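Student: Residues per chain, in single letters:
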Amino acid sequence: MRKYFKLHRIFIAQDLKKLMEYKVDFLMGAIGFVLVQAVKILTLGIIFASIPALAYKVNGQVVDSWTFNEVLFIYGFSLIPKGIDHLLFDNLWGMGYWVVAKGDFDKYLTRPVNSWFYVLTEKFCVDAFGDLFVGIVLVVYSVLSMPADIAANINWFRLIPVAFVIPFAVMIYTSVKTATAAISFWTKRSGHITHMCYMTNEFASYPAKIYNNVVKTIITYILPFALTAYYPAIYLLRGESVWSLPVTIGVSAVLFFISQLVWKLGEKAYESAGS
Amino acid sequence: MENNSMIHVENLQKHFKKAIKEPGLKGSIKALFNPKYDVVKAVDGISFDVEAGEIIGFIGPNGAGKSTVIKMLTGILTPSEGFCRINGHIPTENRKAYVKEIGVVFGQRTQLWWDLALRETYMVLKEIYDVSDEDYEKRMAFLNEVLDLEDFITSPVRTLSLGQRMRADIAAALLHNPKVLFLDEPTVGLDVVAKDNIRKAIQLINKESGTTVILTTHDLEDIELLCKRIVMVDKGKKVFDGELSTLRQQYGQMRELTFELNKEADMEKLTYDQKFNFAEDDLKLETKGNEVKVRFNTDIASVEEMLSFTLSKVHVKDISVKDADIEEIIRRLYKGGGEAV
Numbered sequence: 000m001r002k003y004f005k006l007h008r009i010f011i012a013q014d015l016k017k018l019m020e021y022k023v024d025f026l027m028g029a030i031g032f033v034l035v036q037a038v039k040i041l042t043l044g045i046i047f048a049s050i051p052a053l054a055y056k057v058n059g060q061v062v063d064s065w066t067f068n069e070v071l072f073i074y075g076f077s078l079i080p081k082g083i084d085h086l087l088f089d090n091l092w093g094m095g096y097w098v099v100a101k102g103d104f105d106k107y108l109t110r111p112v113n114s115w116f117y118v119l120t121e122k123f124c125v126d127a128f129g130d131l132f133v134g135i136v137l138v139v140y141s142v143l144s145m146p147a148d149i150a151a152n153i154n155w156f157r158l159i160p161v162a163f164v165i166p167f168a169v170m171i172y173t174s175v176k177t178a179t180a181a182i183s184f185w186t187k188r189s190g191h192i193t194h195m196c197y198m199t200n201e202f203a204s205y206p207a208k209i210y211n212n213v214v215k216t217i218i219t220y221i222l223p224f225a226l227t228a229y230y231p232a233i234y235l236l237r238g239e240s241v242w243s244l245p246v247t248i249g250v251s252a253v254l255f256f257i258s259q260l261v262w263k264l265g266e267k268a269y270e271s272a273g274s
Numbered sequence: 000m001e002n003n004s005m006i007h008v009e010n011l012q013k014h015f016k017k018a019i020k021e022p023g024l025k026g027s028i029k030a031l032f033n034p035k036y037d038v039v040k041a042v043d044g045i046s047f048d049v050e051a052g053e054i055i056g057f058i059g060p061n062g063a064g065k066s067t068v069i070k071m072l073t074g075i076l077t078p079s080e081g082f083c084r085i086n087g088h089i090p091t092e093n094r095k096a097y098v099k100e101i102g103v104v105f106g107q108r109t110q111l112w113w114d115l116a117l118r119e120t121y122m123v124l125k126e127i128y129d130v131s132d133e134d135y136e137k138r139m140a141f142l143n144e145v146l147d148l149e150d151f152i153t154s155p156v157r158t159l160s161l162g163q164r165m166r167a168d169i170a171a172a173l174l175h176n177p178k179v180l181f182l183d184e185p186t187v188g189l190d191v192v193a194k195d196n197i198r199k200a201i202q203l204i205n206k207e208s209g210t211t212v213i214l215t216t217h218d219l220e221d222i223e224l225l226c227k228r229i230v231m232v233d234k235g236k237k238v239f240d241g242e243l244s245t246l247r248q249q250y251g252q253m254r255e256l257t258f259e260l261n262k263e264a265d266m267e268k269l270t271y272d273q274k275f276n277f278a279e280d281d282l283k284l285e286t287k288g289n290e291v292k293v294r295f296n297t298d299i300a301s302v303e304e305m306l307s308f309t310l311s312k313v314h315v316k317d318i319s320v321k322d323a324d325i326e327e328i329i330r331r332l333y334k335g336g337g338e339a340v
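Line order of the protein sequences matches chains A and B. 0 is the number of the first residue of the first sequence in numbering that gives the first Met the number 0; add one for each residue after it. 0 is the number of the first residue of the second sequence in numbering that gives the first Met the number 0; add one for each residue after it.
For reference, chain A alone in the conformation it holds in the complex (with noise of 0.2 Å):
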């Protein structure tokens, strides 16, 4: 384990040395996520512009509603553990785009070293601070931009099990990518697999109950990424969802392990590439 430790602190200071390397190119990249994190929040602008609050009616009834700061920060929120995981484990995309196909997942094989681990922890990609910048300054922002009534409802007491829990929702995202990426050792590619499953994490920026069941329930049990933002935030606003703080750990859990397995099935079934 310590040895794992180490190892990505090398490889995460061998990244470094390399953004020194090429600094335009790191330079285009952050920007890059700004930018479209800026389009987004534009977007949610616009249409708040134009509306009062979110409201969730049913019957004709308005059973919930979320003011723009809210909605604000909830997608400030979801930003830091899609950050934190694009930041440490981007690594994994490479694998259903071109690692398998191309052969070159012999290296990982050939070192005494976990290959998952290996694959995972490869590449520091520093691009991820435009992600982890934005979503902070959106929480930020939002929460000192509040109505005092609804500021008033945070109990700053609640972060200290959602700090618990980010770990947690990163390993979603992670495990997400992890299963998505191994099925490319069966099918040589599936990047395209881990792009459409990791993109309904965009749903789950906003509250998750202005969905239909069937979109709710993947975004909270199947693909949980509700679980990274939604719950996460609007328990640390409100307090409500109280149940999703265990459930995050509970899902996450066994997500990892269902990765954990297909990656390990399909290590087995691996065929290099003709050389």
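It is worth saying that the hints were derived from the structure and are not from the lab. Predicted, not measured: the structure shown is a model, and the values here were computed from it. Note that beta-carbon positions come from the ideal geometry of N, C-alpha and C, so glycine has one too.
For the chain A half of the interface with chain B, some residues (derived, Cβ under 7 Å), not all of them: (1) K16; (2) K17; (3) T109; (4) R110; (5) K267; (6) S271.
Straight-line C-alpha distance at most 20 Å; calculated SDA-like pairs for lysine to any residue: (7) A:K17 / B:V123; (8) A:K263 / B:Y97; (9) A:K22 / B:V156; (10) A:K5 / B:A96; (11) A:K208 / A:G238; (12) A:K101 / B:F15; (13) A:K56 / A:T66; (14) A:K5 / B:L124; (15) A:K2 / B:D129; (16) B:K125 / A:V112; (17) A:K39 / A:L53; (18) B:K125 / A:L6; (19) B:K125 / A:P111; (20) A:K101 / B:W113; (21) A:K5 / B:D129; (22) B:K227 / B:S208; (23) A:K215 / A:Y197; (24) A:K39 / A:Y205; (25) B:K125 / A:Y107; (26) B:K283 / B:T270; (27) B:K17 / A:E266; (28) B:K125 / A:F116; (29) A:K2 / B:D132; (30) B:K20 / B:P34; (31) B:K227 / B:R247; (32) A:K106 / B:T77; (33) A:K106 / B:A96; (34) A:K22 / B:T158; (35) A:K17 / B:A116; (36) B:K20 / A:W185; (37) A:K101 / A:W262; (38) B:K29 / B:A18; (39) B:K234 / B:G62; (40) B:K29 / A:T186.
Position chain B relative to chain A; hints supplied.
Tutor: Chain B only, in chain A's frame:
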């Protein structure tokens, strides 16, 4: 004896499922809805043993299954049938412990950190393989001496020449002092001098550290200079296993007759195929202006017969007879598919 060998391979097989597709887009669509598979036996029951400290040449034409065998030996692929045991390990079981004892170089792809100075690669590998500081110093000094890394160890890997990169790659595979070194085409694409350097280094490493070396190559000079023994595979099966000299004896009935004609037109008079009973593979005639090169099988016509026939028909300058080189022998073996030994 077998159980003590460094590498023991028994009835090793690898089957790949291959989709059968009819040509064109229509075929692709058809295959999408009604996929049909064919089982291809890339490696079909190969067995051999390698003793500690040997250098084995592992050869065969493209697609013969060499790389697939190497990949099973290195734990990259899981065998479909049979097994291999290297220094007491089954590669796919407890892979992490096993790979600490082997070094792998794939000539076609590098394992160095492309964007960073070469030295950085070695520093990372030191951690990956848990090499102690003391061993690292010692090992680097040795590798430096053998492979001459000094000149480029601070350069980014992407700026290295192919020859330098290959030396660097071999050093990377040897940093942890493995018991077995797998070299998959280590001289591919290199110039003569660079090839020579690599070969010398391999020899030295084998001698100094007693490293067992498995070498695949298409360059038969590699084999002649480095390996006493070769294992040849074709179509997934072993077709030859033994000393290089045995191969020469067994298949080396080919001789090469070279001479220069006084008159180019005399060429027509050299009707070897009418005089002797050569099959297509037994005789090869090459001419370049007045120069003539005749390769023939001594089982059909002896050197003496060939010489006297030639001299009785034409006037020549400078006549010489030579053993066919190993390349010729192997070309014949590949072509004939060989007989399983």
